[in-house]
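Enquirer: Sequence lines, in order, name chains A and B. Going by my numbering, the first sequence opens with residue 127, and the numbers climb by one from there. Going by my numbering, the second sequence opens with residue 127, and the numbers climb by one from there.
Hint data in this document are derived by calculation from the structure and do not stem from the laboratory. Keep in mind the model is a prediction, meaning the values are calculated, not measured. Some hints here could point you the wrong way.
Copies of the same chain look alike in the list, so a pair counts if it fits in one copy or across any two.
[Said to hold, decoys possible] Calculated pairs, DMTMM-like style, for lysine to aspartate or glutamate (alpha carbon to alpha carbon, straight line, at most 25 Å): (1) LYS407 <-> ASP267; (2) LYS441 <-> ASP186; (3) LYS408 <-> GLU279; (4) LYS253 <-> GLU455; (5) LYS142 <-> GLU460; (6) LYS408 <-> GLU153; (7) LYS549 <-> ASP288; (8) LYS142 <-> ASP458; (9) LYS441 <-> ASP194; (10) LYS407 <-> GLU279; (11) LYS253 <-> GLU274; (12) LYS256 <-> GLU153; (13) LYS471 <-> GLU274; (14) LYS400 <-> ASP291; (15) LYS407 <-> ASP356; (16) LYS408 <-> ASP267; (17) LYS370 <-> GLU404.
2 protein chains.
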Amino acid sequence: MKMYTEMDQNELLSLKASLEEQFKTQEAKGLSFNMARGKPSVAQLALSTQLLNIVNSESDMRTALGNDTRNYGDWDGIGECRQLMADMMEVKKDNVIVCGNSSLNIMYDTVCRSMVMGVNGSAPWCKLDKVKFLCPVPGYDRHFKITELFGIEMVTIPLGEDGPDMDLVEKYVNEDESVKGIWCVPKYSNPTGITYSDETVKRFANLKPKAKDFRIFWDNAYCIHHLYDDKHDKILNLLEECEKAGNPDMAYIFASTSKVSFPGSGVSAIATSKANMEYIKKFMTTQIIGHDKINQLRHARFFKNLDGLNAHMEKHANIIRPKFDAVLEILDRELTGLGIGCWIKPRGGYFISFESMPGCAKAIVEKCKQLGVVLTGAGATYPYGKDPQDSNIRIAPTFPTVEEMRDATEIFTLCVKLASIEKLLKNC
Amino acid sequence: MKMYTEMDQNELLSLKASLEEQFKTQEAKGLSFNMARGKPSVAQLALSTQLLNIVNSESDMRTALGNDTRNYGDWDGIGECRQLMADMMEVKKDNVIVCGNSSLNIMYDTVCRSMVMGVNGSAPWCKLDKVKFLCPVPGYDRHFKITELFGIEMVTIPLGEDGPDMDLVEKYVNEDESVKGIWCVPKYSNPTGITYSDETVKRFANLKPKAKDFRIFWDNAYCIHHLYDDKHDKILNLLEECEKAGNPDMAYIFASTSKVSFPGSGVSAIATSKANMEYIKKFMTTQIIGHDKINQLRHARFFKNLDGLNAHMEKHANIIRPKFDAVLEILDRELTGLGIGCWIKPRGGYFISFESMPGCAKAIVEKCKQLGVVLTGAGATYPYGKDPQDSNIRIAPTFPTVEEMRDATEIFTLCVKLASIEKLLKNC
Numbered sequence: 127m128k129m130y131t132e133m134d135q136n137e138l139l140s141l142k143a144s145l146e147e148q149f150k151t152q153e154a155k156g157l158s159f160n161m162a163r164g165k166p167s168v169a170q171l172a173l174s175t176q177l178l179n180i181v182n183s184e185s186d187m188r189t190a191l192g193n194d195t196r197n198y199g200d201w202d203g204i205g206e207c208r209q210l211m212a213d214m215m216e217v218k219k220d221n222v223i224v225c226g227n228s229s230l231n232i233m234y235d236t237v238c239r240s241m242v243m244g245v246n247g248s249a250p251w252c253k254l255d256k257v258k259f260l261c262p263v264p265g266y267d268r269h270f271k272i273t274e275l276f277g278i279e280m281v282t283i284p285l286g287e288d289g290p291d292m293d294l295v296e297k298y299v300n301e302d303e304s305v306k307g308i309w310c311v312p313k314y315s316n317p318t319g320i321t322y323s324d325e326t327v328k329r330f331a332n333l334k335p336k337a338k339d340f341r342i343f344w345d346n347a348y349c350i351h352h353l354y355d356d357k358h359d360k361i362l363n364l365l366e367e368c369e370k371a372g373n374p375d376m377a378y379i380f381a382s383t384s385k386v387s388f389p390g391s392g393v394s395a396i397a398t399s400k401a402n403m404e405y406i407k408k409f410m411t412t413q414i415i416g417h418d419k420i421n422q423l424r425h426a427r428f429f430k431n432l433d434g435l436n437a438h439m440e441k442h443a444n445i446i447r448p449k450f451d452a453v454l455e456i457l458d459r460e461l462t463g464l465g466i467g468c469w470i471k472p473r474g475g476y477f478i479s480f481e482s483m484p485g486c487a488k489a490i491v492e493k494c495k496q497l498g499v500v501l502t503g504a505g506a507t508y509p510y511g512k513d514p515q516d517s518n519i520r521i522a523p524t525f526p527t528v529e530e531m532r533d534a535t536e537i538f539t540l541c542v543k544l545a546s547i548e549k550l551l552k553n554c
Numbered sequence: 127m128k129m130y131t132e133m134d135q136n137e138l139l140s141l142k143a144s145l146e147e148q149f150k151t152q153e154a155k156g157l158s159f160n161m162a163r164g165k166p167s168v169a170q171l172a173l174s175t176q177l178l179n180i181v182n183s184e185s186d187m188r189t190a191l192g193n194d195t196r197n198y199g200d201w202d203g204i205g206e207c208r209q210l211m212a213d214m215m216e217v218k219k220d221n222v223i224v225c226g227n228s229s230l231n232i233m234y235d236t237v238c239r240s241m242v243m244g245v246n247g248s249a250p251w252c253k254l255d256k257v258k259f260l261c262p263v264p265g266y267d268r269h270f271k272i273t274e275l276f277g278i279e280m281v282t283i284p285l286g287e288d289g290p291d292m293d294l295v296e297k298y299v300n301e302d303e304s305v306k307g308i309w310c311v312p313k314y315s316n317p318t319g320i321t322y323s324d325e326t327v328k329r330f331a332n333l334k335p336k337a338k339d340f341r342i343f344w345d346n347a348y349c350i351h352h353l354y355d356d357k358h359d360k361i362l363n364l365l366e367e368c369e370k371a372g373n374p375d376m377a378y379i380f381a382s383t384s385k386v387s388f389p390g391s392g393v394s395a396i397a398t399s400k401a402n403m404e405y406i407k408k409f410m411t412t413q414i415i416g417h418d419k420i421n422q423l424r425h426a427r428f429f430k431n432l433d434g435l436n437a438h439m440e441k442h443a444n445i446i447r448p449k450f451d452a453v454l455e456i457l458d459r460e461l462t463g464l465g466i467g468c469w470i471k472p473r474g475g476y477f478i479s480f481e482s483m484p485g486c487a488k489a490i491v492e493k494c495k496q497l498g499v500v501l502t503g504a505g506a507t508y509p510y511g512k513d514p515q516d517s518n519i520r521i522a523p524t525f526p527t528v529e530e531m532r533d534a535t536e537i538f539t540l541c542v543k544l545a546s547i548e549k550l551l552k553n554c
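Given the sequences, and given the hints that come with them, work out the whole structure.
Expert: Here you go:
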């Protein structure tokens, strides 16, 4: 197979004509697929159906400590659910606060609290002339939306296969006092699927922030979301590493069961140092009397422990692995050797990140849309929705069926080819 | 019965000696009752047990519109639950956003958002030199905690039997641009149990705020929490009245099912104008993808409609009415005519508010504690926990049994008598 970049104008034009024929054929089919968001499929949701029965009118509604989950109390979560989330997050129960249904909400609240009130006694960020967050890219659009909403300046940091460019991270964090935070998805990263290396985690823990109120926002969203039984990525425990490095309060870890049980009806948690927890407590106990403890009880009784969670996640993996495999197989068959795109085969998480030739991502997404395939908007994986290279596209294979993913990926590769040729012809 | 205030020193001393005997007798019993917080009793929680079964593994998990409640979507709540909460709040469904388990959390978020971002385009409150909230007193301690946390200055407004002193409210709101909000519990007020008159509501709606970003925080926590079948208080619809008065965006209404279904596992909602909803949407959709829709489905299917809610609240009333009656009967029998305290007989809500002689509330609460009866801390019903008269005590009769409430109220009245005599003797 000849690289597109090595073709002359005539070759490109002839190929373009044939691809446009295929495009018309596809257009006539009037298909409709959605690969835009990381949504579990109906088959995945069905895995947790028994969660709905586990707490019922016959149940003892008391926690192991005897507290009635139906009434007020336990602002930081019931003990058994704190333990479950601690096990899932690989931290100690004493460092965990179990919250409501959304870890995004905890992150928003954490940023918002820092804006209005500062961090453990520091000046409120809203009183400062400038506040910056580092944003490894490509990254999670909803993180960037939070910082954008609060007027926090976002500084992009390239994300490699071992994590963010730590030379750059160290330079910014250790030298610029206005840098107050960094967004990280350390395991099975959204969207590239990479996992931070031990060295990366250690360099994070050993940062010497110029700002005392600098915090690492460690969104461990995919901590147990493996795709393969035998290839589980592992990351070092950031809280422990930070403590060893003399930075005990530098990290917030977030996680939820949104993609374990039900999106919107799961439980979420934050894990952090005792000092940070004390500070959070002051605000959280004013904000809310307590979170949904009956739902916490459901989760604790249904999953029981880490083994229960892992066994459940294997069932998820069995459902979604074939979808990832289908996408990867077709990408490989259709695009390898053409020089018009690359991607990483993820070992977990919810996404495949596709890197097109510069200046093609928007055109590819637009073409896919014409053929009925909805992708995450091009640019969404960058702050302000602006991908300077216009090259990153996030593919979310979980929601459609395997067959739909095949059809959708065929369409996707067709659009990649066509958009790339159009780009190359423009440059001729 | 002679008024204590008309007794001479000898009479007071002799009565004191006999009351101190009774105190010792009670002390020896070593009782323990908690009347501190508005917690439903176990019997009340049992009323909602079937709510735990109504959505189960056999259920159709889709909303009437066909959305799967188990997956992402419906940031503003599922239609049937928005309708249920709208009926409960006596507003239109289109004005309702159903949120998580806590209306306090919505109030906190609303204040917090205004601090960081302003209100519908106004300057963020955190950028202003001074922000004030009006606080009708006695009031709800958790409201005051929120404003205190954000450094908002609290101005007390006397609360009468028809609502807050509206002359004062109008003076402050219409003349002082730093007055940005007022906390109201308009129906079966916490703690006095009074309901705002139609005139009060109309005067609220017809305010001419000096500050464009002034908002009424209308916490309709006890909207359907009647104590008597035949004596339901009614309030005018504030949203409608505000619209009529040309102030469509001036009000936020809050409510929850915390004391309908389960505290901590209910659903909450905010009702407000379309313009306010649009502004809230911008923030809420960044904060969270959606609230717990399965729990919304449970509530919608269990209560069905306003009739279902009202029938359920009658069962609550049947459980708690005898407790209120017990307290009121003993207060009446023991204290009427003594000139040492007064109270209002509430027609709904969760509290009885007791007004002692000035300077006695703390002493009464302390004496009760010695006898094993825990009351809400004296002063809690005032901003900063400081009751300038030291006279208001909130009694929460719902959690203990009727028998316990009898015993606790006997102890309470004994402590009122003793503290009053000690106060009178000091003044002799």
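Enquirer: With 25 Å as the alpha-carbon cut-off, assign the pair LYS408 and GLU279 to within, between, both or neither.
Expert: Classified as between; 19 Å across copies, 28 Å inside a copy.
Enquirer: Within a copy, between copies, both or neither: where do LYS408 and ASP267 come within 25 Å Cα-Cα?
Expert: Between. Shortest inter-copy distance 15 Å satisfies the 25 Å Cα cut-off; intra-copy 30 Å does not.
Enquirer: Using 25 Å as the alpha carbon limit, work out where LYS407 and ASP267 are close: within a copy, between copies, both or neither.
Expert: Only across copies: LYS407 and ASP267 sit 17 Å apart there, 28 Å inside one copy, limit 25 Å.
Enquirer: Have a look at LYS256 and GLU153 and pick one of within, between, both or neither, based on CA distance no larger than 25 Å.
Expert: neither (49 Å within a copy, 61 Å between copies)
Enquirer: With 25 Å as the alpha-carbon cut-off, assign the pair LYS370 and GLU404 to within, between, both or neither.
Expert: Within one copy only: 21 Å inside, 47 Å across.
Enquirer: Is it within, between, both, or neither for LYS471 and GLU274, if the alpha carbons may be no more than 25 Å apart?
Expert: neither (30 Å within a copy, 52 Å between copies)
Enquirer: Between copies, within a copy, both or neither: which fits LYS400 and ASP291 at Cα up to 25 Å?
Expert: neither (30 Å within a copy, 45 Å between copies)
Enquirer: Within a copy, between copies, both or neither: where do LYS549 and ASP288 come within 25 Å Cα-Cα?
Expert: For LYS549 and ASP288, the Cα distance exceeds 25 Å both inside one copy (31 Å) and across copies (73 Å).
Enquirer: Should LYS253 paired with GLU455 be assigned to within, between, both, or neither, using CA atoms and 25 Å as the limit?
Expert: Intra 52 Å, inter 55 Å, cutoff 25 Å: neither.
Enquirer: Is it within, between, both, or neither for LYS441 and ASP186, if the alpha carbons may be no more than 25 Å apart?
Expert: between (29 Å within a copy, 22 Å between copies)
Enquirer: Is it within, between, both or neither when you check LYS408 against GLU153 at 25 Å Cα-Cα?
Expert: neither (57 Å within a copy, 35 Å between copies)
Enquirer: Have a look at LYS142 and ASP458 and pick one of within, between, both or neither, based on CA distance no larger than 25 Å.
Expert: Classified as within: same-chain Cα gap 20 Å, cross-chain 93 Å, threshold 25 Å.
Hint compliance for this structure: hints 4, 6, 7, 12, 13, 14 and 15 are broken, all remaining hints hold.
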